[in-house]
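Peer 1: Sequence:
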Amino acid sequence: MSDQSALSEELLALSSIFGDESFYPVDPNNPLSPYILKINLTSDSTSQTFSSAKSITLTLYFPSTYPSQDPPVYEISSLYCGTLKIGDEIKEEIHEKFKKLFIPGEVIIFQWAEWLREYMERKLEEVESMSRVIEENSKSRENTGLNHKDYAPNDGNTSANHNKKSSNVSDLRGDFSTSDPSRRDELSLACPPITHGTPLEHKKSVFVAHLAPVNNVNEVNAVRETLLSNKKIARATHNILAYRIVLDGGVILQDNDDDGEDAAGGRLLHLLQILDAKNVLVIVSRWYGGIKLGPDRFKDINNCARNLLEQCGYINSITEESSKKFKKTKK
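Count the sequence shown with the working numbering and you get residues 8 to 338, in order.
No lab work stands behind these hints, which were simulated from the structure alone. It is possible that some hints are incorrect.
Using 27 angstroms as the maximum straight-line C-alpha spacing, the simulated DSS-like pairs for lysine-lysine come out as follows [as the list claims (entries may be wrong)]:
no., residue 1, residue 2
1, 106, 130
2, 98, 45
3, 130, 45
The task is simple: from the sequences and hints, build the whole structure.
Peer 2: Right, here's the structure in full:
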(Lines of atoms letter the chains of each structure in order from A and count residues from 1; the text may use other names and numbers.)
(Lines give C-alpha, C1' and ligand atoms only; values in the text may rest on other atoms or scores of the structure.)
Protein backbone atom coordinates (compact mmCIF):
# COMPACT_ATOMS: atom_id res chain seq x y z
CA MET A 1 0.00 0.00 0.00
CA SER A 2 1.34 3.46 -0.89
CA ASP A 3 1.98 6.10 1.77
CA GLN A 4 -0.86 8.23 0.41
CA SER A 5 -3.35 5.32 0.54
CA ALA A 6 -2.29 4.39 4.07
CA LEU A 7 -2.63 8.01 5.22
CA SER A 8 -6.05 8.39 3.59
CA GLU A 9 -7.35 5.27 5.35
CA GLU A 10 -5.90 6.43 8.67
CA LEU A 11 -7.48 9.88 8.39
CA LEU A 12 -10.85 8.33 7.61
CA ALA A 13 -10.59 5.98 10.59
CA LEU A 14 -9.51 8.78 12.95
CA SER A 15 -12.44 10.95 11.84
CA SER A 16 -14.79 8.09 12.72
CA ILE A 17 -13.16 7.53 16.11
CA PHE A 18 -12.74 11.11 17.33
CA GLY A 19 -15.50 12.91 15.42
CA ASP A 20 -15.34 16.07 13.32
CA GLU A 21 -15.15 18.38 16.35
CA SER A 22 -12.00 16.73 17.72
CA PHE A 23 -10.18 15.77 14.50
CA TYR A 24 -10.30 17.99 11.45
CA PRO A 25 -8.06 19.60 8.79
CA VAL A 26 -6.92 23.19 9.29
CA ASP A 27 -7.85 23.83 5.64
CA PRO A 28 -10.47 21.38 4.29
CA ASN A 29 -9.78 22.53 0.74
CA ASN A 30 -6.08 21.66 0.90
CA PRO A 31 -5.25 17.93 0.60
CA LEU A 32 -1.87 18.58 2.26
CA SER A 33 -3.38 20.49 5.16
CA PRO A 34 -2.20 19.76 8.71
CA TYR A 35 -4.81 18.31 11.08
CA ILE A 36 -5.99 19.37 14.53
CA LEU A 37 -6.44 16.59 17.09
CA LYS A 38 -8.10 17.48 20.40
CA ILE A 39 -7.80 14.72 23.00
CA ASN A 40 -10.32 14.99 25.83
CA LEU A 41 -9.42 13.35 29.10
CA THR A 42 -11.80 11.07 31.00
CA SER A 43 -10.55 12.07 34.44
CA ASP A 44 -13.08 11.89 37.29
CA SER A 45 -11.58 14.92 39.01
CA THR A 46 -13.99 17.71 39.90
CA SER A 47 -11.36 20.44 40.20
CA GLN A 48 -12.75 23.83 39.16
CA THR A 49 -9.55 25.90 39.13
CA PHE A 50 -8.64 28.48 36.51
CA SER A 51 -7.16 25.92 34.10
CA SER A 52 -9.83 23.23 34.31
CA ALA A 53 -10.25 22.35 30.62
CA LYS A 54 -9.07 18.73 30.64
CA SER A 55 -7.87 18.32 27.08
CA ILE A 56 -4.71 18.57 25.02
CA THR A 57 -4.56 19.72 21.39
CA LEU A 58 -2.02 18.65 18.77
CA THR A 59 -1.39 20.05 15.31
CA LEU A 60 -0.27 17.19 13.04
CA TYR A 61 1.77 17.50 9.85
CA PHE A 62 2.16 14.47 7.58
CA PRO A 63 5.38 14.24 5.50
CA SER A 64 5.23 12.51 2.11
CA THR A 65 7.36 9.69 3.56
CA TYR A 66 4.82 8.83 6.29
CA PRO A 67 4.24 6.08 7.33
CA SER A 68 6.86 4.13 5.34
CA GLN A 69 9.89 6.01 6.69
CA ASP A 70 9.13 8.99 8.91
CA PRO A 71 6.63 9.71 11.71
CA PRO A 72 4.22 12.66 11.58
CA VAL A 73 5.49 16.03 12.77
CA TYR A 74 3.43 17.35 15.68
CA GLU A 75 3.06 20.54 17.68
CA ILE A 76 1.45 20.74 21.13
CA SER A 77 -0.91 23.72 20.98
CA SER A 78 -2.07 23.55 24.61
CA LEU A 79 -0.26 25.37 27.40
CA TYR A 80 -2.29 23.70 30.16
CA CYS A 81 -4.25 20.48 30.54
CA GLY A 82 -6.56 21.01 33.49
CA THR A 83 -4.35 22.35 36.29
CA LEU A 84 -1.28 20.74 34.73
CA LYS A 85 1.14 23.03 32.93
CA ILE A 86 2.58 21.36 29.83
CA GLY A 87 6.18 22.40 30.36
CA ASP A 88 9.44 21.38 28.71
CA GLU A 89 9.89 18.27 30.88
CA ILE A 90 6.48 16.88 29.93
CA LYS A 91 7.02 17.75 26.26
CA GLU A 92 10.34 15.90 26.30
CA GLU A 93 8.73 12.78 27.82
CA ILE A 94 5.99 12.88 25.18
CA HIS A 95 8.53 13.30 22.39
CA GLU A 96 10.65 10.36 23.55
CA LYS A 97 7.62 8.08 23.87
CA PHE A 98 6.26 9.09 20.47
CA LYS A 99 9.62 8.21 18.90
CA LYS A 100 9.62 4.79 20.56
CA LEU A 101 6.05 4.02 19.52
CA PHE A 102 6.57 4.73 15.83
CA ILE A 103 7.41 1.75 13.63
CA PRO A 104 8.24 2.55 9.96
CA GLY A 105 5.49 1.28 7.71
CA GLU A 106 2.72 1.43 10.33
CA VAL A 107 0.29 4.29 10.99
CA ILE A 108 0.66 5.68 14.48
CA ILE A 109 -1.75 8.53 15.36
CA PHE A 110 -4.31 6.42 17.24
CA GLN A 111 -1.55 4.78 19.35
CA TRP A 112 -0.08 8.20 20.09
CA ALA A 113 -3.47 9.58 21.11
CA GLU A 114 -4.33 6.67 23.42
CA TRP A 115 -0.94 6.74 25.13
CA LEU A 116 -1.06 10.53 25.47
CA ARG A 117 -4.55 10.41 27.00
CA GLU A 118 -3.44 7.90 29.66
CA TYR A 119 -0.20 9.77 30.31
CA MET A 120 -1.90 13.15 30.77
CA GLU A 121 -4.60 11.68 33.02
CA ARG A 122 -1.90 10.18 35.23
CA LYS A 123 0.07 13.43 35.38
CA LEU A 124 -3.07 15.47 36.00
CA GLU A 125 -4.19 13.23 38.83
CA GLU A 126 -0.79 13.64 40.51
CA VAL A 127 -1.06 17.44 40.34
CA GLU A 128 -4.68 17.56 41.49
CA SER A 129 -4.00 15.16 44.37
CA MET A 130 -1.32 17.53 45.57
CA SER A 131 -3.69 20.48 45.13
CA ARG A 132 -6.32 18.74 47.26
CA VAL A 133 -3.75 18.19 50.00
CA ILE A 134 -2.77 21.87 49.90
CA GLU A 135 -6.44 22.91 49.96
CA GLU A 136 -7.14 20.65 52.96
CA ASN A 137 -4.15 22.13 54.78
CA SER A 138 -5.40 25.62 53.96
CA LYS A 139 -8.87 24.81 55.36
CA SER A 140 -7.24 23.39 58.43
CA ARG A 141 -5.37 26.67 58.98
CA GLU A 142 -8.63 28.60 58.53
CA ASN A 143 -10.27 26.50 61.22
CA THR A 144 -7.49 27.47 63.60
CA GLY A 145 -8.19 31.17 62.99
CA LEU A 146 -5.68 31.89 60.19
CA ASN A 147 -7.00 33.85 57.17
CA HIS A 148 -5.94 33.76 53.54
CA LYS A 149 -6.50 36.19 50.67
CA ASP A 150 -9.71 36.01 48.73
CA TYR A 151 -9.71 34.60 45.17
CA ALA A 152 -11.16 37.85 43.85
CA PRO A 153 -8.91 40.23 41.89
CA ASN A 154 -8.07 42.45 44.83
CA ASP A 155 -4.60 41.91 46.30
CA GLY A 156 -5.24 44.35 49.13
CA ASN A 157 -7.21 44.10 52.33
CA THR A 158 -9.52 41.08 52.18
CA SER A 159 -12.16 42.92 54.16
CA ALA A 160 -12.63 45.45 51.33
CA ASN A 161 -16.07 45.47 49.72
CA HIS A 162 -16.87 44.08 46.27
CA ASN A 163 -16.77 47.46 44.55
CA LYS A 164 -13.26 47.98 45.83
CA LYS A 165 -12.25 44.61 44.41
CA SER A 166 -13.90 45.34 41.08
CA SER A 167 -12.13 48.66 40.70
CA ASN A 168 -8.78 46.97 41.27
CA VAL A 169 -9.34 44.61 38.35
CA SER A 170 -8.48 47.40 35.92
CA ASP A 171 -5.09 47.87 37.60
CA LEU A 172 -3.43 44.83 36.02
CA ARG A 173 -0.27 46.09 34.41
CA GLY A 174 1.90 46.24 37.50
CA ASP A 175 1.03 42.88 38.98
CA PHE A 176 2.84 40.46 36.65
CA SER A 177 5.42 38.34 38.40
CA THR A 178 7.11 34.95 38.32
CA SER A 179 9.45 33.34 40.81
CA ASP A 180 11.92 32.48 38.01
CA PRO A 181 13.79 35.64 36.82
CA SER A 182 15.12 33.88 33.70
CA ARG A 183 11.60 32.76 32.79
CA ARG A 184 10.33 36.31 33.33
CA ASP A 185 12.97 37.64 30.92
CA GLU A 186 12.18 34.89 28.41
CA LEU A 187 8.47 35.73 28.49
CA SER A 188 9.10 39.45 28.11
CA LEU A 189 11.06 38.76 24.92
CA ALA A 190 8.62 36.23 23.43
CA CYS A 191 5.33 37.84 24.44
CA PRO A 192 3.60 40.31 22.10
CA PRO A 193 2.13 43.49 23.64
CA ILE A 194 -1.07 42.85 25.61
CA THR A 195 -3.97 45.31 25.80
CA HIS A 196 -6.46 45.10 28.69
CA GLY A 197 -10.08 46.11 28.21
CA THR A 198 -12.39 48.03 30.51
CA PRO A 199 -13.92 45.87 33.29
CA LEU A 200 -17.61 45.02 32.92
CA GLU A 201 -19.55 44.29 36.12
CA HIS A 202 -22.84 42.37 36.04
CA LYS A 203 -24.54 41.21 39.25
CA LYS A 204 -21.22 41.16 41.10
CA SER A 205 -19.45 39.13 38.39
CA VAL A 206 -16.59 41.02 36.74
CA PHE A 207 -15.41 40.46 33.16
CA VAL A 208 -12.18 41.80 31.61
CA ALA A 209 -10.91 41.13 28.07
CA HIS A 210 -7.22 40.92 27.13
CA LEU A 211 -5.97 41.11 23.53
CA ALA A 212 -2.65 40.52 21.79
CA PRO A 213 -1.52 40.30 18.15
CA VAL A 214 -0.17 36.79 17.47
CA ASN A 215 1.44 35.09 14.47
CA ASN A 216 2.08 31.57 15.80
CA VAL A 217 1.14 29.17 18.60
CA ASN A 218 4.30 29.98 20.56
CA GLU A 219 3.14 33.59 20.88
CA VAL A 220 -0.32 32.39 21.94
CA ASN A 221 1.27 30.32 24.70
CA ALA A 222 3.55 33.18 25.74
CA VAL A 223 0.60 35.58 26.07
CA ARG A 224 -1.44 33.09 28.07
CA GLU A 225 1.44 32.27 30.39
CA THR A 226 2.21 35.96 30.88
CA LEU A 227 -1.41 36.71 31.76
CA LEU A 228 -1.57 33.81 34.20
CA SER A 229 1.58 35.09 35.91
CA ASN A 230 -0.64 37.96 37.07
CA LYS A 231 -2.06 36.91 40.44
CA LYS A 232 -5.40 38.62 39.85
CA ILE A 233 -5.93 36.97 36.46
CA ALA A 234 -4.76 33.58 37.69
CA ARG A 235 -7.41 33.73 40.43
CA ALA A 236 -10.20 34.42 37.92
CA THR A 237 -12.91 31.76 37.90
CA HIS A 238 -12.50 31.32 34.14
CA ASN A 239 -10.05 32.57 31.52
CA ILE A 240 -11.78 31.94 28.19
CA LEU A 241 -9.51 31.96 25.13
CA ALA A 242 -9.82 32.08 21.34
CA TYR A 243 -7.43 32.94 18.55
CA ARG A 244 -7.19 33.06 14.75
CA ILE A 245 -3.88 33.09 12.85
CA VAL A 246 -3.38 33.32 9.07
CA LEU A 247 -0.58 31.00 7.96
CA ASP A 248 1.31 31.00 4.67
CA GLY A 249 -1.00 30.35 1.74
CA GLY A 250 -3.99 31.85 3.54
CA VAL A 251 -4.59 28.81 5.77
CA ILE A 252 -6.24 29.84 9.05
CA LEU A 253 -5.10 28.23 12.30
CA GLN A 254 -7.69 28.71 15.05
CA ASP A 255 -8.53 27.22 18.42
CA ASN A 256 -10.32 28.01 21.67
CA ASP A 257 -10.41 27.02 25.33
CA ASP A 258 -13.54 27.12 27.53
CA ASP A 259 -11.48 26.93 30.74
CA GLY A 260 -14.41 25.32 32.50
CA GLU A 261 -17.08 27.74 31.18
CA ASP A 262 -18.85 25.26 28.91
CA ALA A 263 -19.20 26.43 25.27
CA ALA A 264 -17.80 29.91 26.01
CA GLY A 265 -14.58 29.34 24.06
CA GLY A 266 -16.47 28.22 20.95
CA ARG A 267 -18.74 31.25 21.14
CA LEU A 268 -15.75 33.56 21.48
CA LEU A 269 -14.06 31.93 18.47
CA HIS A 270 -17.32 32.28 16.51
CA LEU A 271 -17.23 36.02 17.24
CA LEU A 272 -13.71 36.23 15.80
CA GLN A 273 -14.88 34.29 12.74
CA ILE A 274 -17.89 36.46 11.90
CA LEU A 275 -15.77 39.59 12.45
CA ASP A 276 -13.01 38.02 10.31
CA ALA A 277 -10.47 39.02 12.96
CA LYS A 278 -7.02 37.75 12.00
CA ASN A 279 -3.72 37.21 13.79
CA VAL A 280 -5.23 38.00 17.15
CA LEU A 281 -5.70 36.30 20.51
CA VAL A 282 -8.47 37.29 22.92
CA ILE A 283 -8.76 36.06 26.50
CA VAL A 284 -11.71 37.07 28.68
CA SER A 285 -11.30 36.69 32.45
CA ARG A 286 -14.37 36.25 34.62
CA TRP A 287 -14.48 36.56 38.39
CA TYR A 288 -17.70 34.94 39.62
CA GLY A 289 -19.59 37.16 42.03
CA GLY A 290 -21.86 34.55 43.61
CA ILE A 291 -24.98 35.23 41.49
CA LYS A 292 -25.67 33.00 38.48
CA LEU A 293 -26.10 34.93 35.23
CA GLY A 294 -27.43 32.16 32.97
CA PRO A 295 -27.02 32.76 29.20
CA ASP A 296 -26.29 36.44 29.84
CA ARG A 297 -22.75 35.49 30.80
CA PHE A 298 -21.99 34.61 27.17
CA LYS A 299 -23.21 38.06 26.06
CA ASP A 300 -20.97 39.67 28.67
CA ILE A 301 -17.95 37.66 27.53
CA ASN A 302 -18.45 38.47 23.86
CA ASN A 303 -19.30 42.13 24.52
CA CYS A 304 -16.03 42.59 26.42
CA ALA A 305 -14.13 40.92 23.60
CA ARG A 306 -15.93 42.85 20.86
CA ASN A 307 -15.35 46.22 22.53
CA LEU A 308 -11.62 45.55 22.88
CA LEU A 309 -11.36 44.27 19.28
CA GLU A 310 -12.97 47.49 18.10
CA GLN A 311 -10.76 49.60 20.34
CA CYS A 312 -7.65 47.94 18.89
CA GLY A 313 -8.77 48.33 15.27
CA TYR A 314 -9.74 44.73 14.47
CA ILE A 315 -13.28 45.73 13.44
CA ASN A 316 -13.83 48.00 10.46
CA SER A 317 -17.03 49.25 8.84
CA ILE A 318 -17.02 46.51 6.19
CA THR A 319 -16.61 43.77 8.79
CA GLU A 320 -19.30 45.34 10.98
CA GLU A 321 -21.77 45.43 8.10
CA SER A 322 -21.02 41.79 7.19
CA SER A 323 -21.56 40.79 10.82
CA LYS A 324 -24.99 42.48 10.88
CA LYS A 325 -26.02 40.78 7.63
CA PHE A 326 -24.88 37.43 9.04
CA LYS A 327 -27.05 37.91 12.14
CA LYS A 328 -30.08 38.82 10.02
CA THR A 329 -29.56 35.70 7.91
CA LYS A 330 -29.44 33.52 11.01
CA LYS A 331 -32.88 34.69 12.24
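Peer 1: Sort out which numbered hints this structure fails and list those numbers smallest first.
Peer 2: Violated hints: none; all satisfied.
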